[in-house]
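Student: Residue numbers (the working numbering), protein chains in the order written: chain A, 52 to 543; chain B, 2 to 316.
Think of the hints as simulated: they come from the structure by calculation, not from any bench.
Being a predicted model, the structure only gives us computed values, none of them experimental.
All C-beta atoms in this analysis are idealised placements derived from N, C-alpha and C, irrespective of residue type, glycine included.
Just so you know, not all the hints are guaranteed correct.
[As the list claims (entries may be wrong)] What follows is a set of in silico ranges between Cβ atoms, one per label pair, in the way DEER data are often shown:
no., chain 1, residue 1, chain 2, residue 2, range
1, B, LEU116, A, PRO452, 50 to 60 angstroms
2, A, PRO283, B, ALA13, 34 to 44 angstroms
3, A, ARG431, B, GLU155, 46 to 56 angstroms
4, B, ASP273, A, GLY419, 34 to 44 angstroms
5, B, LEU191, A, HIS83, 34 to 44 angstroms
6, B, ARG312, A, PHE218, 15 to 25 angstroms
7, B, VAL113, A, ALA542, 27 to 37 angstroms
8, B, PHE269, A, LEU526, 49 to 59 angstroms
9, A, PRO452, B, VAL113, 51 to 61 angstroms
10, B, VAL204, A, ALA512, 32 to 42 angstroms
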Amino acid sequence: MTATTQGGWLLVMALTLPAGAMLLAFVAGGRHARTISLAALGLWLVIAFAIAAQVQSGGAPLSYVIGGWQPPLGMALRADGLSAAMLLTGAVVLLAVALFGRTPYDTPRGAPESRAAYAFWCFVPALAASLAAAFLGGDLFNLFVALEMLTFTALALACLDGRPSQFKSELRYLLFALIGSVLYLLGTGLLYGAYGTLDIALLAGRTRADAPTMVAGALMTAGLIAKMALFPLHLWLPPAHAGAPAAASALLSGLVVKGAFVLLLRLWFWVLPAPFVLGGASVLAALGATAIVVGSVVALRQERLKLLVAYSTVAQMGYLFLMFPLLAAADAETASRAWLGGVLQAISHALAKAAMFLGAGLVAASLGHDRVNALGGAARAMPVTVIAFALGGLSLMGLPPSGGFSAKWLLLRASVETGQWWWSLVILAGGLLTGGYVYRIVAAALSAPAPGCMARPVPRAQEYCVLALAVASMLLGVLPLYAFGLVRVGAP
Amino acid sequence: MNAGLLLDLLLALAVLGTAAWTLLARTAFAAVIGFVATGLLLTLVWVRLGAVDVALTEAAIGAGATGVIILYVVARLRGGEAEISAATPNPVQRILAALLALAVGGLLAWGVLNLPDPAPSLAEAALAGTAPLGLGNPVSAVLMAHRGLDTLLEAIVLVFAVLAVWSMAADHRWGGAPGPVFPRADHGPLSLLARILPPVGIVIGIYIAWVGTDAPGGKFQGGTILAAMWVLPWIAGLARPPSVTDWRLRLMIAIGPLTFLGVGLAGFLIADGFLAYPAGFAKPLILLIEAAMTLSVAAALACLIAGPPERRRRA
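Based on the provided sequences and hints, a complete structural model is requested.
Tutor: Quick look at the structure:
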């Protein structure tokens, strides 16, 4: 039985505050939308911090029973360490990206409302609400609604530029996302038919390895990995993420794909029966390993900076799947290491990738193009951005001291300890390939400007937003491991 | 074989037949007709299963509103045959897609046939939880109380959807009214319908939304009818939609979720917490939410049908 815990009301606030802000911004529009949105995101960060502090200090998940209706009839919001850590990451990234967006999505006093600015300031709190629903939801159908919220938000953010050329790749993205949603929903229906409840806590440990459960697990997994762009379902991601404006790309690559990741973890390690997890984990990891190699190699060959960063997302998402076989076949201590490694990878990638997409956007704005081979002079025109980009790259490569290093080191250790050494080869190879493409960009940016190259200065405030994200991704690696006790609260 | 079983068998065959017809239709227009027919037959299936609420929703949203939107798309795609054939998958891709769909369908069938019988169900619990709220329709109790958060979030998604559609507009058209301008029809069936139907339709829409708490019906079904009563005079050229920057239109779209959210949060003060209703006051509060939501559903659906602004803003 779920009971509302102390501080459970914070979960309600984390969900309703950005949702309400979105509705108010939608009605008010213009300059008000920006004010409402920024204020809500600031408060949201405070709430996310309070939830993380409460989970960490209490050492137990928070929960809130909606309307006092107990599951299975009613439903509950829950925050374990995973939810709290992802919520905090989401709040940091969203606030940084929103502050970055103050320049491109500015509505001067007295000017009429513009389409892109209005959509941006409405969809930023909308994304916050969607992420809160995805991270805190305790019911599989409620999580479906969260997926729908994420889909609409992501699609609109990707089309923010309003260029017709972008619509084609976004339409493909929409099809992938909708098929993913349908598969997830079909699985949910089967699970309800089999168990009469969709509450994750009630399903945990009770599912049988029978036909409906296996089919549901397969359909829902397929739907979620389509949304996470796992190889070979990754083709929609690079054009969709690279074609969006910088602030939107940062949110799509950093946060939106992580929503489906949290759902996949909930499904595999709470709901599905052990035989399914043991049998399927290696398949997921093999696809993840392929994504790491293929994504990195293709990234290495890209001519355009934004496409390169987008292919790097395909590769970095691959790492998240390596934790599945490590968790499934390990003693408690090693499993805990694999869990921490996987979640840290999600967090550090969110921060680093958001920084890199924003950085790439500033470079493109300054030089007027984003061809990797013609980045000469970029470091001279915007040293802060290039440093931030390089720091984000270090985290992706997994060099110490960075969040990416801690994540990859933990996964590496767990793979050796469980005797699955082949995954460690993939981790190392991925690190080298990542080093290759990050070096390519940084070396080009540091080279002398080509004759006739005119780098326009970019607003300093925007550069600092990029730097803040990159530094946050580095700081994750400096924190001692006990600070991540948070992530272990309520872990499977 | 008894009559009921025969009817079910015929219905099932008819649904499969219209679905196949939709897939095989040579023109997009014929496919839409097939799609709407499939939706209407599905409505009958839901009635046969005793799910009248679902049947109403399927008729209103699945066949009605979606059919109108797709039909509108087909009309607007005229002249774009080259682009359409370029984007149409080749036979190999189609066969692969068909195989994939068959595999998923087969898996699903295998799963469904192996479900426990009798299925575990929350129907008893939902029925027991209906009367204390003062409601007569258990579906309303589930939607507004037991799983109120789902409904609240779906209501918010509707606002996301309208904004997403609006944001596809060209920059210079921002501030214009949504959708194209239709020439004013003063003669003919459309003009007649657009003048005669709305007064009746509005009453029916409000009635269906109103009875939802005690009988099949509710905000989504009623709101759809109201939206249709607005769309009719619009395509007949008799009414003009307000600008997307008009705060009154925006408030109409957002008032439902805002009211729902407000009542939900008020639960912290007047009841046992978020989305809880105080004893004895559940029904009036639920009716208040339903009324605001009906308005929002109607406005949002009308805006979804009309599409992004297509005219320059008036100076």
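Student: Given the hint of 34 to 44 angstroms, check if PRO283(A) and ALA13(B) actually sit that far apart at their C-beta atoms.
Tutor: Since the Cβ atoms of PRO283(A) and ALA13(B) sit about 36 angstroms apart, the hinted range of 34 to 44 angstroms holds.
Student: Against the range 34 to 44 angstroms, how does the distance between the Cβ atoms of ASP273(B) and GLY419(A) compare: consistent or not?
Tutor: violated (59 angstroms)
Student: Does the hinted range 15 to 25 angstroms hold for ARG312(B) and PHE218(A) at CB?
Tutor: About 20 angstroms separates the Cβ atoms of ARG312(B) and PHE218(A), which means 15 to 25 angstroms holds.
Student: That 49 to 59 angstroms hint for PHE269(B) and LEU526(A) (C-beta), does it hold up?
Tutor: violated (36 angstroms)
Student: Given the hint of 46 to 56 angstroms, is the C-beta distance from ARG431(A) to GLU155(B) inside that range or not?
Tutor: For GLU155(B) against ARG431(A), whose Cβ atoms are near 52 angstroms apart, the range 46 to 56 angstroms holds.
Student: Range hint 51 to 61 angstroms: satisfied by the CB atoms of PRO452(A) and VAL113(B)?
Tutor: Holds: the Cβ-Cβ distance is about 53 angstroms, inside 51 to 61 angstroms.
Student: For the hint 32 to 42 angstroms, verify it against the beta carbon of VAL204(B) and that of ALA512(A).
Tutor: Check failed, 56 angstroms falls outside 32 to 42 angstroms.
Student: Go ahead and decide if the range 34 to 44 angstroms is satisfied by the Cβ distance of LEU191(B) to HIS83(A).
Tutor: Holds, since LEU191(B) and HIS83(A) (Cβ atoms, about 40 angstroms apart) stay within the stated range.
Student: CB of LEU116(B) to CB of PRO452(A), is that within 50 to 60 angstroms?
Tutor: Cβ of LEU116(B) to Cβ of PRO452(A): about 52 angstroms, so the range 50 to 60 angstroms holds.
Student: With respect to the beta-carbon atoms only, verify the hint that VAL113(B) and ALA542(A) lie 27 to 37 angstroms apart.
Tutor: holds (34 angstroms)
When each numbered hint is compared with the structure, violations occur for hints 4, 8, 10.
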